Amino acid sequence: MKMWIFNCQHVAQLVSESMDHKLSLGRRLGMRFHLLMCSHCARYKKQLHFIRRLISSNPSLITDSSLPTMDENAKKRLRQILSQSDQSKD
Amino acid sequence: MDATKKQPQAVEGIGNPETWVDLYADSLFHYALLRTADKPVAEELVQETFVAALSTLGNNKFRGESAGKTWLVGILKHKISDHLRRKYRHQAQSLENINDNEIEDSFDARGNWRVKPGQWGMGPDERYEQQEFMHIIVNCISGLGAQQGDAFRLRELDGEESEEICKVLNISPTNYWVLMHRARLAMRQCMERYWPLEIKWRTRR
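Protein sequence lines, in the order shown, are assigned to chains A and B.
So that you can map any letter, position 42 of the first sequence is 66 in our numbering, and since no number is skipped, the others follow by simple counting.
So that you can map any letter, position 96 of the second sequence is 100 in our numbering, and since no number is skipped, the others follow by simple counting.
For the record, the hints were derived by calculation from the structure and aren't laboratory data.
All values reported here derive from a predicted model rather than from experimental measurement.
Be aware that one or more of the hints could be misleading.
[Stated by the list, open to error] With beta-carbon atoms standing in for the labels, derived distance ranges:
1) B/59 x A/92: 50 to 58 angstroms
2) A/77 x B/178: 22 to 30 angstroms
3) B/59 x A/96: 24 to 32 angstroms
4) B/86 x A/76: 22 to 30 angstroms
5) A/96 x B/78: 35 to 43 angstroms
6) A/73 x B/78: 27 to 35 angstroms
7) A/53 x B/78: 49 to 57 angstroms
[Stated by the list, open to error] Think about it this way: if two alpha-carbon atoms lie no more than 30 angstroms apart in a straight line, the pair counts; the simulated DSBU-like pairs of lysine-lysine are:
8) B/73 x A/100
9) A/100 x B/83
10) B/91 x B/81
11) B/73 x B/120
12) A/99 x B/43
13) B/120 x B/81
14) B/171 x A/100
15) B/73 x B/83
16) A/46 x B/171
17) B/120 x B/83
18) A/99 x B/83
19) A/46 x B/120
20) B/171 x B/120
21) B/171 x B/83
22) B/91 x A/100
23) B/81 x A/100
24) B/171 x B/81
25) B/43 x B/83
26) B/120 x B/91
27) B/73 x A/99
28) B/81 x A/99
29) B/91 x A/70
30) B/120 x B/43
For every residue, glycine included, the Cβ atom is placed at its ideal position computed from N, Cα and C.
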């Protein structure tokens with residue numbers, strides 16, 4: 025990869041990497057240069073950051089959302105475990 | 005809030021173990037399911053959490069420092085981490101055997117986008133803090149393939165650093181970057197697939 029000729033595939037990878045650690049100067053500049061010229065990759069970057077922001081800003085919504093509740097049989101098993109050890113206490 | 009009430013309230017917050025299932029099972033299960041994308045495993049982890057919590061109570065180690073749910077989630081976090089470590093302990097370098105589907109699907113031989121990222125019409129974030137939109141996110145997060153899904157979930161849900169994720173998943177840093185790259189491509193694609201159905205009409209001008 026030469027500095028000024030990153031293609032979209034390289035840049036998409038760099039965009040991802042830049043969300044987890046700081047890129048070296050050359051790669052950072054190469055990425056920025058490409059992002060200035062390429063609206064697709066710029067949009068890709070924007071969308072990834074948007075997804076991250078949404079996930080981190082809505083932790084409670086995520087836990088209360090459409091995930092299924094725990095299976096009744098599993099709950100029954102849990103109740104048994106909890107009541108048994110309650111009796112055997114002391 | 006009230007300092008004099010703090011300690012009894014916190015202990016009370018745990019409740020009688022017999023009430024734990026009704027009070028905490030579903031939210032702990034959601035928490036585990038979102039991070040493992042595996043129902044039996046999530047059930048197992050909730051059970052392990054309750055058992056560990058019980059033994060802590062039995063040893064009088066619990067000092068009412070945190071509310072019941074927070075305390076149990078703290079235990080569950082460790083259980084999830086242990087589970088992932090066990091899962092990947094014997095899978096070193098497995099990444100090389102998997103082909104780069106997401107990457108090959110997304111880019112042509114010259115590295116151009118095969119399907120260009122679509123316009124999402126993103127506005128202020130508040131607009132998206134709604135239930136059905138979060139359903140899309142949750143579905144997409146849960147649908148991510150095993151190892152890349154685990155990497156993505158650790159990073160984006162729990163904010164783990166890449167070094168820690170490499171240890172948990174037993175992968176090299178190079179593999180980590182590839183996994184995350186794939187996961188994000190897949191996540192974005194998934195979001196876009198659902199996007200028009202529920203969201204677009206709200207953002208149309």
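Here's how the hints hold up against the structure:
1. B/59 x A/92: 50 to 58 angstroms: violated, 29 angstroms
2. A/77 x B/178: 22 to 30 angstroms: Cβ of residue 77 of chain A to Cβ of residue 178 of chain B: about 27 angstroms, so the range 22 to 30 angstroms holds.
3. B/59 x A/96: 24 to 32 angstroms: For residue 59 of chain B and residue 96 of chain A the Cβ distance comes to about 26 angstroms; the hint holds.
4. B/86 x A/76: 22 to 30 angstroms: holds, 26 angstroms
5. A/96 x B/78: 35 to 43 angstroms: violated, 26 angstroms
6. A/73 x B/78: 27 to 35 angstroms: holds, 29 angstroms
7. A/53 x B/78: 49 to 57 angstroms: violated, 42 angstroms
8. B/73 x A/100: Given that 30 angstroms is the threshold and the Cα spacing comes to 20 angstroms, the pair holds.
9. A/100 x B/83: holds, 21 angstroms
10. B/91 x B/81: Since the Cα atoms of residue 91 of chain B and residue 81 of chain B sit roughly 15 angstroms apart, the hinted pair holds (cutoff 30 angstroms).
11. B/73 x B/120: Outside the cut-off at roughly 43 angstroms; violated.
12. A/99 x B/43: holds, 13 angstroms
13. B/120 x B/81: Judged against 30 angstroms, a Cα distance of about 37 angstroms means the pair is violated.
14. B/171 x A/100: This hinted pair is violated, its Cα atoms lying about 36 angstroms apart.
15. B/73 x B/83: holds, 15 angstroms
16. A/46 x B/171: holds, 20 angstroms
17. B/120 x B/83: violated, 40 angstroms
18. A/99 x B/83: holds, 18 angstroms
19. A/46 x B/120: Distance ~26 angstroms between residue 46 of chain A and residue 120 of chain B Cα, so the pair holds.
20. B/171 x B/120: Violated: residue 171 of chain B and residue 120 of chain B sit about 34 angstroms apart, past 30 angstroms.
21. B/171 x B/83: holds, 16 angstroms
22. B/91 x A/100: holds, 27 angstroms
23. B/81 x A/100: holds, 23 angstroms
24. B/171 x B/81: holds, 16 angstroms
25. B/43 x B/83: holds, 15 angstroms
26. B/120 x B/91: violated, 35 angstroms
27. B/73 x A/99: holds, 17 angstroms
28. B/81 x A/99: The hint holds at about 20 angstroms.
29. B/91 x A/70: Outside the cut-off at roughly 33 angstroms; violated.
30. B/120 x B/43: Violated, at roughly 34 angstroms.
Checked against the numbered hints given earlier, the structure breaks hints 1, 5, 7, 11, 13, 14, 17, 20, 26, 29 and 30 and satisfies all the rest.
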